[in-house]
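Asks: Listed below are the residues making up each chain.
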Amino acid sequence: MKLEMKDSPGQLVAALKPISEVGGNIIAVLHQRDPDPDNHTLNVQIVLDLPKGRLDNLVALLKDQGVRIQRIGEERLLYQRSVILIGHLMHTGFSDTFDQIDSTGFAEMTELVMSMPAVNERSSSRITIKAVSRDDMEAALAILRRVSQQKSLLMIEPLEDAA
Amino acid sequence: MKVALIGLGSVGRGVAEMLAKKDDLGLVLTGIADSKSAFMDPDGIDITRVLAKKKKTGSCGDQHLSAADVIKKADYDALVEVTPTNALSGEPAIGHIKAALNRKKHVVTSNKGPIALAGKELRAMAKKKGVSLRYEATVAGAIPVMHTLEHGLAGNEILALYGVLNGTCNFILTRMAAEGLTYEQALMEAREMGYAEADPTYDVQGIDAAIKLVILANTIWDNGVKLADVDRTGIDLLTPDALRLADEMGCTIRLIAEANPKKRLLRVSPRILDKNHPLVFEGTLNALTLETDMAKQITLIGRGAGSVETASAIIGDLLYIRDRYVQRA
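Keeping their order, the protein sequence lines are chains Z and R. Numbered as in the numbering used here, the first sequence ends at 163 without a single skipped number. Numbered as in the numbering used here, the second sequence ends at 492 without a single skipped number.
Just chain Z, same shape as in the assembly (with noise of 0.2 Å):
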C-alpha cells in the first residue's frame, strides 16, 4: 500500500505500529526522502502480509493515526510453482482438475503451457499455481497429485529445498 503522511518525527512509527496491531507482517518499506514541499508530507510504500479480513481494520486504524492512504495493491496469491505433467491430457478430461484447484479459493492456475505431439502420443503441460501460503500450495499440489496419479500422468515437481 502506498501511504501519505505528515514529514515531521514519529509519523512513520506511527503509520506501522497499526500494522502488527491487525497481526500483520512487514516485507518492505521503501521511504522516498523527498517530500512534497508545499503539503510538507511524504510518501511511504509498505509492502506486507495480512491475514484475511483484517484489511478493513488497518485501514481505520491508519486513519486515525492521520494517514492517508494513496493507493492499495492487493497481491492476494504470493507463492508460486510450476509443475510439468506428461501424459493423455487432453484424452482424460483435465478441465475438472483446474476447476478442483480454482474453486478451493485459496490456489489458482494461472498458467498452461501445453505441447502435443501427434494424436495418439502423450502430451506434455507446465501449469503454474499461485496460492496464499505455503499450506495452500501444498494442498493445491496435493489436488494435482492425487489426480495424476487417477489419471496415470506424470507429475514432475520441483525440488524444494528438504529442511
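Treat the hints as calculated values from the structure; they're not laboratory data. Please note that the accuracy of each hint is not assured.
Once the Cα atoms are required to be at most 30 Å apart in a straight line, the calculated BS3-like pairs of lysine-lysine come out as [what the hints assert, rightly or not]:
1. R:LYS425 to Z:LYS130
2. Z:LYS52 to R:LYS426
3. Z:LYS151 to Z:LYS130
4. R:LYS389 to R:LYS292
5. R:LYS426 to Z:LYS151
6. R:LYS216 to R:LYS199
7. R:LYS184 to R:LYS235
8. Z:LYS130 to R:LYS426
9. R:LYS389 to Z:LYS151
10. R:LYS438 to Z:LYS130
Chain R regions said to be covered by chain Z (calculated; three or more residues, Cβ under 8 Å) [stated by the list, open to error]:
11. 396-407
12. 425-436
Quantities reported herein were computed from a predicted structural model and do not represent experimental measurements. Using N, Cα and C, we set each Cβ at its ideal position, and we do this for glycine too.
Keeping the supplied structure of chain Z fixed, place chain R upon it in accordance with the hints.
Replies: Just chain R now, kept in the frame of chain Z:
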C-alpha cells in the same frame, strides 16, 4: 595389512591394479578369486602375473579352488567383496561377508545388494565380532560420503539428504535437454558410450538410486527402511517436450533421490531444478547434498562409477581399517 579380493570384474580389477601400482600403501594381497577359480599366497600374490593370467585364460587361479576357499582358509586381515550385485537375494555376497565376519575378519565391499538387504544384520555381526564392515563404494562411487558423514560431519544431526545417485540417468537427461533427443535416442547414446547396461531397467526406473538411498538412510538414521519403502519414479517416461518446458523457465529435470525422516519422505523421482542449482551438472557425475543442524548444507560432487574411481573408495576403507585396527603395515 593382508587383503583378500573376491570378484575380478571391473571393480575388482581396478582394486587389484591399484594395489599393484601403489605398493607403498602397506596393503598385501594374499588371496584372490573370480567366479571360476582362486589363488592364495600368504607372502603376497604377484598381482601383475595374476591379472595377465586372467586376461589370457579367463581365470585368475586354480580351478579347484573357489572364493569360499579363499574366504575360509586364506591368511588375511580384510576381505574385499566386489562380486556382481544381486539386488534381490544379495547372494553370493551376503554369504561371503558373513563367512569373513565369522572369522573375525574386516570386510570392505562395493556390493549394494548385501548392504541394502542385510545391512543391519551384517553391521550387528561385525560389531559382535569386533571387526569393521565398510561400504563407502556402494553409494556414489568415488565420493567419500560415508567418511564425510562419519568424520567430517561427526556430531552433526543429519536432517535430510538429496542427490543425484545415478550417473546413467544424469547422462540421459543431460543429452535430452541439450540436444532435444527422445528418451530412446539418449538411452541408445548412453549404451554406445558404455554408460548403460543392455538391460537399463535398474538405472532408468530409479531402482539403483533407490537402493543407494536405502543404504544411506539406514546408515545415517538406522531406520530399517527397505527398497519397497521408496516412493520411486524413473525417467523412462520423460519427453523432450517436458525438458523444453522446464528449459523455458530457466530450469531442467534431474532424477533426485531424497530422504527426510521428519517428513517421512523417501523418494526417487524426476524433479524440476533451477539450472543454477548445485545438483544440476552434465554427464555421468553423482552428487549428494546433506542438510545438517550445524554445518547446514554440504554438497559433494564426483565420479559415481568406474573401475579405478570405485577402487579409490575401497582403498580408502582399507586404509581406514589399517590405521584403526591393524597396526602391522
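Asks: Confirm or reject each hint.
Replies: Results of checking the hints against the structure:
1. R:LYS425 to Z:LYS130: holds, 26 Å
2. Z:LYS52 to R:LYS426: Holds, because 28 Å separates the two Cα atoms, which is no more than 30 Å.
3. Z:LYS151 to Z:LYS130: holds, 23 Å
4. R:LYS389 to R:LYS292: holds, 25 Å
5. R:LYS426 to Z:LYS151: The given pair, whose Cα atoms are some 26 Å apart, holds under the 30 Å limit.
6. R:LYS216 to R:LYS199: holds, 13 Å
7. R:LYS184 to R:LYS235: holds, 27 Å
8. Z:LYS130 to R:LYS426: Given that 30 Å is the threshold and the Cα spacing comes to 23 Å, the pair holds.
9. R:LYS389 to Z:LYS151: Within the cut-off at roughly 28 Å; holds.
10. R:LYS438 to Z:LYS130: Holds - the C-alpha atoms of Z:LYS130 and R:LYS438 are around 22 Å apart, at most 30 Å.
11. 396-407: Per the Cβ count (7), the hint holds.
12. 425-436: holds (count 7)
Checked against the numbered hints given earlier, the structure satisfies every one of them.
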